[in-house]
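Trainee: Residue numbers (our numbering), protein chains in the order written: chain C, 4 to 122; chain R, 3 to 174.
For the record, the hints were derived by calculation from the structure and aren't laboratory data.
Predicted model only: the values in this text are computed from it and were never measured.
Beta carbons are placed, not taken as given, at the ideal position from N, Cα and C, and that holds for glycine.
There could be a bad hint or two in this list.
Unchecked claim - DSBU-like mimics (lysine-lysine), calculated; alpha carbons at most 35 Å apart, straight line:
#, chain 1, residue 1, chain 2, residue 2
1, R, 83, C, 67
2, C, 20, C, 67
3, R, 114, C, 102
4, R, 114, C, 101
5, C, 102, R, 108
6, C, 110, R, 80
7, R, 69, C, 20
Unchecked claim - Some chain R residues near chain C, calculated using beta-carbon distances under 10 Å:
#, residue
8, 56
9, 58
10, 63
11, 67
12, 70
13, 76
14, 77
15, 81
16, 88
17, 89
18, 96
19, 99
20, 107
21, 111
22, 112
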Amino acid sequence: MSGKNMEEKVEQATNSKNISLPVSRVRLIMKSSPDVSCINQDALFLTTKATELFVQHLALSSYKNGSGKETNTLSYSDLANVAEETETFQFLTDILPKKILARDYLKSLEEMEKDDENL
Amino acid sequence: MDGDSSTTDASQLGITGEYMAGSHFVLAQAPEGDEGLNDHEDGNGSKDNLREQDIYLPIANVARIMKNAIPQTGKIAKDAKECVQECVSEFISFITSEPLKLYLQKFREAMKGEKGISGVTVTEGMGEELTEETFTNPLPAGIITADGQQQNVMVYTTSYQQIPGVQQLQFS
Numbered sequence: 004m005s006g007k008n009m010e011e012k013v014e015q016a017t018n019s020k021n022i023s024l025p026v027s028r029v030r031l032i033m034k035s036s037p038d039v040s041c042i043n044q045d046a047l048f049l050t051t052k053a054t055e056l057f058v059q060h061l062a063l064s065s066y067k068n069g070s071g072k073e074t075n076t077l078s079y080s081d082l083a084n085v086a087e088e089t090e091t092f093q094f095l096t097d098i099l100p101k102k103i104l105a106r107d108y109l110k111s112l113e114e115m116e117k118d119d120e121n122l
Numbered sequence: 003m004d005g006d007s008s009t010t011d012a013s014q015l016g017i018t019g020e021y022m023a024g025s026h027f028v029l030a031q032a033p034e035g036d037e038g039l040n041d042h043e044d045g046n047g048s049k050d051n052l053r054e055q056d057i058y059l060p061i062a063n064v065a066r067i068m069k070n071a072i073p074q075t076g077k078i079a080k081d082a083k084e085c086v087q088e089c090v091s092e093f094i095s096f097i098t099s100e101p102l103k104l105y106l107q108k109f110r111e112a113m114k115g116e117k118g119i120s121g122v123t124v125t126e127g128m129g130e131e132l133t134e135e136t137f138t139n140p141l142p143a144g145i146i147t148a149d150g151q152q153q154n155v156m157v158y159t160t161s162y163q164q165i166p167g168v169q170q171l172q173f174s
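Between the sequences and the hints, there should be enough to build the whole structure, so can you do that?
Mentor: In structure tokens, the structure reads:
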């Protein structure tokens, strides 16, 4: 029963006419691109709808790709992994870097400095 | 709006949207580096001093869409939600700029020759980067048109083929 409810929700979200993102905010972000002056109403709607589908796709891909076994939680590292592995999401690799522990980073920094000294 | 200041660093950068060629994006720092995006006084009035709520879509909406997409029993980490929020803004900027680049290229070619400007599909612009089928669902086509004065134009169609006879709206 709950599965059916979820299907309805997903179907409702992917039906063309319903959007759940604020159109004005989408326009603001589009205008932050250089050289953009006017934005047609239909193009704006299309972008908003495509963004919605994108969020669904990203969330679902990350969730499936990620731990999945026990944790049942979508975490940041799932997103970083999917960005690296899936071609579709490659444009996100710059803003989704994989996290490393600070001490590992500091260690590798030290090693780099040692190499510089040795040269 | 989240009062949590433990978000990723991108929230501290002013997004001025500087893009390098070849579809490689870099977030550049705003000129007033120390103002921060959570500054409530918007008295500056300059376009660069955008608040965090201006450059991202509201996290509640984003989180809701994510929740509906994954199986019901799943949970979402808080930093994952914030992160997707940023990805979404990146995505919007990406699909805004990519067809534009392609269009400008064709526009310049057309200006040299006598051929007219054919419709540029957004899927052409996205090309190798995005090949997701969901983007080919039937959605209305949108057109932003140019008059002779080199205003910028984007033509979106919803399928891989061009739609013949699409009406062009003129903005005066």
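Trainee: Holds or violated: are the alpha carbons of residue 110 (chain C) and residue 80 (chain R) at most 35 Å from each other?
Mentor: 29 Å, holds
Trainee: Verify the interface restraint on residue 67 (chain R): the C-beta must sit less than 10 Å from at least one C-beta of chain C.
Mentor: Holds - the Cβ of residue 67 (chain R) comes within 10 Å of chain C, reaching about 5 Å at its closest.
Trainee: Please verify that hint: residue 63 (chain R), Cβ, nearest Cβ of chain C, below 10 Å or not.
Mentor: Nearest chain C Cβ about 5 Å off; hint holds.
Trainee: Measuring from the C-beta of residue 88 (chain R) to each C-beta in chain C, is the shortest one below 10 Å?
Mentor: 6 Å, holds
Trainee: Take a quick look at whether residue 114 (chain R) and residue 102 (chain C) sit within 35 Å of each other, Cα to Cα.
Mentor: 49 Å, violated
Trainee: Holds or violated: residue 89 (chain R) as interface residue toward chain C, Cβ cutoff 10 Å?
Mentor: 5 Å, holds
Trainee: Holds or violated: residue 99 (chain R) as interface residue toward chain C, Cβ cutoff 10 Å?
Mentor: Check passed: Cβ of residue 99 (chain R) comes within 5 Å of chain C, closer than 10 Å.
Trainee: Holds or violated: is the Cβ of residue 111 (chain R) closer than 10 Å to a Cβ in chain C?
Mentor: 17 Å, violated
Trainee: Would the hint on residue 112 (chain R) be counted as holding, given a Cβ-Cβ threshold of 10 Å to chain C?
Mentor: Result: violated, 17 Å to nearest chain C Cβ.
Trainee: Take the shortest C-beta to C-beta distance between residue 76 (chain R) and chain C; is it under 10 Å?
Mentor: Constraint on residue 76 (chain R) satisfied, holds at 5 Å.
Trainee: Checking one constraint from the list: CA of residue 20 (chain C) to CA of residue 67 (chain C), max 35 Å. Satisfied?
Mentor: 28 Å, holds
Trainee: A closest beta-carbon separation below 10 Å is what the hint needs, so does residue 58 (chain R) meet it against chain C?
Mentor: Constraint on residue 58 (chain R) satisfied, holds at 8 Å.
When held up to the earlier numbered hints, the structure conflicts with 3, 4, 5, 20, 21, 22 and fits the remainder.
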